[in-house]
Amino acid sequence: MKLYVSLALSGLPIGAMYALSAMGIVIVFKTSKVFNFAAGAIGLACAYFASTLHSHGFPTLLAVAVAVLLGAAIGVLMELTVRPAKGALTGTIVTLGWLLVLQGVVGWVYGTQVATNEPVQIVGDGNFIDWGGVLLYSNQQVVLLVVAAVLAAGLAVFFTVTALGTATRAVSEAPDAARLLGIGVNRVNLVAWGLGGAVSGFAGVLVAPLLGGLDTTKLVVFTVQALAAALVGRLSSLPLTFAGGVTLGLLQPIVARALQQFDGIKGTQELTAFAVVLVSLLFMKRSGRRDVGGGLLPAPLQPLPRGVFAVATAVGVALAVLLAPLLVDDVGNASHYNVSQVAIWGLATLSLVLLVGVVGQVSVCQAVFMGCGAYGTGIAMGHGVPFLLAIVIGAVLAAAVAALVGLPALRLEPLELAIATLSLSFTADRFLYSWPPLASSDGNRPVARPGFANIDPGHVANGQRAYAWLALGIFVVACFAVASLRRARTGAALTALRSSEPATAAMGFSVVSVKLRGFAASGFIAGLAGALYAGLVQGASGAAFDFTRSITLLAYAVIIGVGSVPGAVLGGMIVTLTTLTFGSTSDVANGSQVSLTTMFTGIILIAILALTPEGLTGIVSRNVRKQPELVAA
Amino acid sequence: MSAILELRDVGVRFGTFDAVDGVSLTVNAGEVVGLIGPNGAGKTVTFNVITGLQPATRGRVLLGGTDVTRQPAHVRTAMGLSRTFQVVQLFAGMSVLQNLMVAAHRHTHAGVLVDALRLPGRGRALRQAEERARAVLAFLELSHLADLEVTSLPVGQARLVELARALCLTPTCLLLDEPASGLDPGETADFVALLAHVRSTLGCAMLLVEHDMGVVMPLCDHVIVMDFGKVLASGPPLEVRDDPAVRAAYLGEEVH
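Line order of the protein sequences matches chains A and B.
Sequential numbering of the first sequence, starting at 3, is according to the working numbering.
Sequential numbering of the second sequence, starting at 7, is according to the working numbering.
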């Protein structure tokens, strides 16, 4: 018993940090109903900034104070970009853009993997305080606990007692009524975001030493714990949020201990947090409001005349076939490897077009489905299954996982599903991809190419070409399949479902079955993409399917326009071109350049959502539609 | 006469409030039954219990003699139940024809794979659904609306389209939730005439919730009055109209 008590207590300081970061999220959510997915990334930026200031001779406390101001400034900037977005879900996607921007900027300035900078420590590690023989806390940890507790209490009092706190609640409940009562809604929002940013930033500065140094990934993944704590607090109660964070901190060492018996298991902390996220989401009272989609989920496309549909599809396919080979390798030859890439990332984008554009659900874990496809293929081939059958098995596995993810979506709002899927992405990064049954010992499971596309010496060019045809063929078939699906019985049901669930049920469709089929179909396509990628690089590893990939895929889908099947080609080309130019995300040596891609993706995502939630294709088609009116006038 | 729809002692409790408290009613084949009562009497909740959108706290719902109390909404639809909504719930962003086709697909069979890979059943399903939808539009003389987007329709036409969509399901029992609300007197009269036409041609039973006595009196064979979640009175329209208890609940008259 004493063991478990001391185990649990060892998690107390970091639990307080989860609580602090979560309070940053809750403060923002309370006023704007937007979920700040960038909380961890703000902490990341602030921690690095504080460390830099400190190394330039700033006194510790001053460095921390300036870094917290930076957090507040980021929060204010975020509010300004979230403001034009219609609906909480769109606003939340904007914060994903900020996650990319902040992660990119820090990675670009400091290099992604190398944690050469020392985190700022308010008090040195020197002295330990004995707590009744159960546990030793360092000075540092005690200071953290005290600071977090005081701050939490202060914020809670602030929101219940002060006029601004009351105004915050008014703005969150009824913005228009608040406006009529003379409350400056924009000002209140700005203050909340600034405050939230400062708190999240402060949490990042404080937690960095506990995470074993500055690390761009760890500090962003930290968000999943903050999400869990915020959800325990039901996104509204600061004291409950604090309790949630602390409880999670106490729980994690015990879970880690319990799972210790499984060899090589990693990421149990994130796994625990993910479980807490899921449980709290499922037990959370439904808000009953179904308008969170705002402008992001576009109205279904108007029925195109048959001729136009055929032309549009033909143009899309022609683009795929003609433009793709234009991507050339560094010697100037057509690169079949890149054609395969375009097809594969096009498939990945297509799976999101289906899920977001047709099913009307947001997934921030599409790369996890790809990972399932890749590992599934690898495992099946390990049992002697031929490649072409193995990729189908991998895709079916991904479809099953997607249906599982879709299961909570039956009860959840799109915004809550975004929370769940983002948490899954973080957890997959830390836990799933290093889980022994999936990964081999070096984290890379070999996947051999099929005989007709092998790249043995002397056969490389032919092999690459054959593989490119295979990938392109599957991509084109998938595009047709999604377009066909959408215009037939299944598409009608899915589109109807997005408009009114009760009416769709009244038309004789099972809401459960229709939704899950949509998820499974999307997962299947993503799984195929992952499987083909594994074949292309001859191995399945988690690095290509990390959380940044999931977020950027969603970003590309939104930038291009989630309603557009031909747009998927564009998605494939963007991923391939950026990979060509800046190197792939798993390419550590090119860390800084990859960060540039991440950063620009984030900036474009934020800009597009501020301009139009329909994405590029939306802008184009709107302008095309306008022309006849001009002529008529 | 055989009972198409039967409620036995149905109750719905929200917290400590009985929204529906022991309602029993029967709709026979081909019969038109009106469900009336003041606001908050529990009419719409009763409707939702019948269609399966609201689980009953107690009691049973029978469709054609089969107990469907535990069946989800789509199963009940497959058994011949069809409804319209108090606030029109057409599928936004789709045309009138597409809206009707969603319903008409009840009679078609095509799964995800068939649809995605253009297997043989796909075209047939689409053709059948479109034929059915166009036939219903023609029957209600709405063919000219087929290609309009539904959110562009005025309320009167939207209600007609919702009726058309409900009829695409080929119901044996049609539930209409305040079909005349939002219509002007002229439109209401037309709607009543249309419902009479539907009834005489298709012969499906109807249960309608309505405030407007101008709709209830000429259409209904039988009227059920609800108040505070209970059945207050039940019988032929004229008889119910003159019932003192009903007048008290409805018009606030003292019971003498």
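If you are wondering where the hints come from, they were derived from the structure by calculation, not from laboratory data.
Do not rely on the hints blindly, as some may be mistaken.
Not everything, but these chain B residues come out facing chain A in the computed CB check (under 10 Å) [stated by the list, open to error]:
| id | residue |
| --- | --- |
| 1 | H115 |
| 2 | D121 |
| 3 | A131 |
| 4 | L238 |
| 5 | E245 |
Keep in mind it's a predicted model, so treat the numbers as computed, not measured.
In this text, a Cβ means the ideal position worked out from N, Cα and C, and glycines have one as well.
These are the hints, each one checked on the structure:
1. H115: Where the cut-off is 10 Å and the nearest Cβ of chain A is about 8 Å from B:H115, the hint holds.
2. D121: holds (4 Å)
3. A131: Holds, about 5 Å.
4. L238: violated (28 Å)
5. E245: violated (33 Å)
Hints 4 and 5 from the earlier list are contradicted by this structure; the remaining hints agree with it.
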